[in-house]
Amino acid sequence: MNYHSKKLLKLNLSPWRMATVGGLLLTGLVVVAGRAFYLQGLNTDYLQGKGDAVANRNLTLPAQRGQVTDRHGQLLAISTPVESLWARPGDLTLTPEQHAQLAKTLGVSSKDLAKTLARKTRGEFSVRRPVTPEQAVKIATLGAPGLHLRREFRRYYPAGEVAAHVVGFTNVDDLGQEGVERAYQDWLAGREGKRQIMRDRRGNTIRDLAPIKTAQQGGNLALSLDLNIQYLAHRELAAAITKNKAKGGSVVVLDAKTGEILALANQPIFNPNNRRNYQPGPMRNRAVIDTFEPGSTIKPFVAAAALEHGLFRSDTVVDTPETWRVGNKLVRDVHPHPQMTVSEIIQKSSNVGAVKLAMAMTPEQYWGALHRSGFGELPGSGFPGETAGRLRSADSWKPVEHATMAYGYGLSVSLLQLTRAYMAFANDGEVMPLSFLKREPQEVAGERVFSAAVAREVRAMMETVTQEGGTGQRTRVPGYRVAGKTGTAHKVIDGRYAPDRYLSSFVGLAPASNPRLIIGVVIDEPSGGVYYGGSVAGPVFAQVMAASLRQLALPPDAPDTALRMTQHAARAGGGV
Amino acid sequence: MSRLNVVLALVLIVCALAVIQAQHRSRTYFVELERLKKQAHGLEEQWGQLQLEQSTWANPARVDTLARTRLGLVAPPPDRVRIETLAAAP
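The listed protein sequences derive, respectively, from chains V and P.
Residue numbers for the first sequence, in our numbering: 1 to 576.
Residue numbers for the second sequence, in our numbering: 577 to 666.
Chain V extracted, bound-state conformation (with noise of 0.2 angstroms):
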């Protein structure tokens, strides 16, 4: 057990050999250490930092722009993520095969390519704003130093143009610019997220170093429009535009009993997918944002106010002689008739007789019906733009002025406020606040224009506009009754009424016996020959009504005009 007592195996060392062996041990367990302390504790940050910079990563979580439906559903907008392609310039370096490659994957020139990649910035550009998914595939099977994709989101509108003045398009950076985008833009754009996570060397998240903010997704909206009626509606319009060789139109179909915008469509049109050709006019939604002079739309108007305040009933008669003087203005007749009740008044359309109507208030009274009806108010339906527009105060009014108001000259009007003013012909008096979003009708209260019994009145004579002798029977709609009122009105030109320009309007509601449904038209200068609001845009009226009454499923009210009725115990009856 003891080895110094075995003589062979006793150490026979000179002392200076242990302490040199020894002395470098001890070197070499200072160094280690010393180097230990080094990096454990006077260089930890920096080499705390490099790993973390390896295995920690900050993560933004995208955040999706909301989807904008019609009122059954149907997409109207959409965000969906696109690859895009840019380039880094310091970097990029790419050999004559890969360039020719690129060229073909995007589909340009080999010469357009290179113009495109010379580009001096100091950041980085982007090459294409998206690249199709199977482009993307090829271009990083490329992998060409200084190319790289990126993932972004991109606004898709599948409805394009057919309601693109309600919807509206976002820019680049996402922000809604126009319409229902910019209205909504709170609602619809969402809150981006962070994450804070540690990755394994595969690439693997393995944990969450900090609490996540989750991203907040962006809200969806449902809009009053039904995309079916919403596409009549550009149909028509788009057709009698063409027809009549105008310059632009504008329709709105009101849901009568909740205010509702069912459909809006103006002409001209531009397309919210494609983005290259900024034109601010036909992006103008100028149902709501563009006045005009109402002209015989406000008739029903005049009548309504006259009938308010007793001062004349429906088949009160009144002496209607071709021209009548105001002041220094001649008022002159069309279609002239010694005498006219006042029903016949709207029917045939009097401007005599309309202005001895107006003329038997007050300013006072007269104002008061009109800006109760919503003229020179904002029609309230939250559009970004819309306009009030003009209808100054009683007090200024002139003896003139007064009297041309009767035939609509003298204030000016948006499509979408007067069929909205239509609403109280439609709905016994009351009028519903406009939306362009979905609602039920229990939510909604409404505001009292004209007593009950007068707005029946006034549907009544509507409805003889449409009957034989009337100046809107090109507004039938075969198997329901429809109550409206044609307007004609003279363009202002220079500040000055031109002879031969005209804007063409009708406004009507069906079924009259219980009407669902308003729409409005109005056809800018109408140059084919015809331009009375009866022949230019009575036309388009009957066509969207009559779709979109058989679209909503209205049990026809005056079935004996076209249809044949046929009770279904007859047929069982008659065996077939």
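Think of the hints as simulated: they come from the structure by calculation, not from any bench.
These figures come from a predicted structure and were not determined experimentally.
Heads up, some of the hints might be wrong.
[As the list claims (entries may be wrong)] Interface residues of chain V toward chain P, partial, derived using beta-carbon atoms under 10 angstroms: (1) Gln-64; (2) Tyr-156; (3) Ala-159; (4) Arg-207; (5) Ala-210; (6) Leu-232; (7) Arg-235; (8) Ala-546; (9) Ala-547; (10) Pro-555.
[What the hints assert, rightly or not] Taking lysine to any residue pairs in the SDA-like style, the calculated list, with each CA pair at most 20 angstroms apart, reads: (11) Lys-613/P to Lys-329/V; (12) Lys-491/V to Tyr-409/V; (13) Lys-329/V to Val-492/V; (14) Lys-115/V to His-148/V; (15) Lys-491/V to Asp-428/V; (16) Lys-348/V to His-490/V; (17) Lys-614/P to Lys-329/V; (18) Lys-613/P to Met-198/V; (19) Lys-613/P to Leu-61/V; (20) Lys-115/V to Pro-96/V; (21) Lys-613/P to Tyr-409/V; (22) Lys-213/V to Glu-660/P; (23) Lys-138/V to Gly-123/V; (24) Lys-613/P to Lys-491/V; (25) Lys-614/P to Gly-410/V; (26) Lys-613/P to Asn-58/V; (27) Lys-614/P to Leu-61/V; (28) Lys-247/V to Met-283/V; (29) Lys-614/P to Lys-491/V.
Even for Gly, the Cβ is constructed at its ideal location relative to N, Cα and C.
Let chain V serve as the given structure and place chain P on it in line with the hints.
Okay, now just chain P, sitting in the frame of chain V:
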């Protein structure tokens, strides 16, 4: 006394192993969760794209044109329409 120490040491080792096991399981589950989240996200994107595709195909303008040209459909003229009124339910 020394026997108790041995037992405690054993318990300690078992606990340590359990911690390792739990940590490992947590990591595996976390990776799995992340994978599924990614998959859900991918499916959501796909759903969006399919919705977009569906609405492009179902676009009224397209349906209208196809119905007229390829299928030769027309809106019935009013005189070809017959309204049926159901006899009042008993």
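Outcome of the hint check:
1. The criterion of a C-beta within 10 angstroms of any C-beta in chain P is met by Gln-64/V, whose closest approach is roughly 8 angstroms, and the hint holds.
2. Restraint check, Tyr-156/V versus chain P: the minimum CB separation of about 6 angstroms is within 10 angstroms; hint holds.
3. Given hint, Ala-159/V at the interface with chain P, holds; its Cβ is 7 angstroms from that chain's nearest Cβ, closer than 10 angstroms.
4. Look at Arg-207/V: its Cβ gets to within about 7 angstroms of chain P, closer than 10 angstroms, so that hint holds up.
5. Checking Ala-210/V against chain P by beta carbon gives a least distance of about 15 angstroms; that is not within 10 angstroms, so the hint is violated.
6. Because the beta carbon of Leu-232/V sits about 8 angstroms from the nearest beta carbon in chain P, less than 10 angstroms, this interface hint is met.
7. A least Cβ separation of about 7 angstroms between Arg-235/V and chain P falls short of the 10 angstroms threshold, and the interface hint therefore holds.
8. This hint holds: Ala-546/V has a C-beta 8 angstroms from the nearest C-beta of chain P, less than the 10 angstroms allowed.
9. Below 10 angstroms, beta-carbon pairs count as interface contacts, and Ala-547/V has one with chain P at about 8 angstroms; its hint therefore holds.
10. With its C-beta approaching chain P no nearer than about 8 angstroms, Pro-555/V sits inside the 10 angstroms limit, and its interface hint holds.
11. Between Lys-613/P and Lys-329/V the CA atoms are separated by roughly 77 angstroms; this puts the pair beyond 20 angstroms, and the hint is violated.
12. The straight-line distance between the Cα atoms of Lys-491/V and Tyr-409/V is roughly 10 angstroms, inside the 20 angstroms bound, and the hint therefore holds.
13. With a C-alpha separation of about 17 angstroms, the suggested pairing of Lys-329/V with Val-492/V holds against the 20 angstroms cut-off.
14. For the hint pairing Lys-115/V with His-148/V, the CA-to-CA distance comes to about 18 angstroms; that is within 20 angstroms, so the pair holds.
15. For the hint linking Lys-491/V to Asp-428/V, the alpha-carbon distance of about 33 angstroms lies beyond 20 angstroms, and the restraint is violated.
16. Among the hinted pairs, Lys-348/V with His-490/V is consistent with the structure: their alpha-carbon atoms are about 18 angstroms apart, no more than 20 angstroms.
17. Of the pairs offered as hints, the one joining Lys-614/P and Lys-329/V is violated, with about 76 angstroms between alpha carbons and a cut-off of 20 angstroms exceeded.
18. For the suggested pair Lys-613/P and Met-198/V, the alpha carbons sit about 16 angstroms apart, so the restraint of at most 20 angstroms is met.
19. Simply put, Lys-613/P and Leu-61/V have alpha-carbon atoms about 13 angstroms apart, close enough for the 20 angstroms limit, and the pair holds.
20. Straight-line distance between C-alpha atoms of Lys-115/V and Pro-96/V comes to about 14 angstroms, which keeps the hinted pair within the 20 angstroms bound.
21. Taking the CA atoms of Lys-613/P and Tyr-409/V, the gap is near 64 angstroms; set against the 20 angstroms cutoff, the hint is violated.
22. Of the supplied pair hints, the one linking Lys-213/V and Glu-660/P is violated, its CA atoms being roughly 60 angstroms apart against a limit of 20 angstroms.
23. For the proposed pair Lys-138/V and Gly-123/V, the alpha carbon gap of about 24 angstroms is over 20 angstroms, so the pair is violated.
24. Restraint check for Lys-613/P and Lys-491/V: not satisfied, since their Cα atoms lie roughly 61 angstroms apart, outside the 20 angstroms limit.
25. For the suggested pair Lys-614/P and Gly-410/V, the alpha carbons sit about 63 angstroms apart, so the restraint of at most 20 angstroms is broken.
26. A hinted pair counts as satisfied when its Cα atoms are at most 20 angstroms apart, and Lys-613/P with Asn-58/V qualifies at roughly 17 angstroms.
27. Note on Lys-614/P and Leu-61/V: the hinted pairing holds, with a Cα-Cα distance of about 12 angstroms set against a maximum of 20 angstroms.
28. Our distance criterion of 20 angstroms between C-alpha atoms is met by Lys-247/V and Met-283/V, whose separation comes to about 14 angstroms.
29. For the given pair, Lys-614/P sits about 61 angstroms from Lys-491/V by alpha-carbon distance, which is inconsistent with the 20 angstroms threshold.
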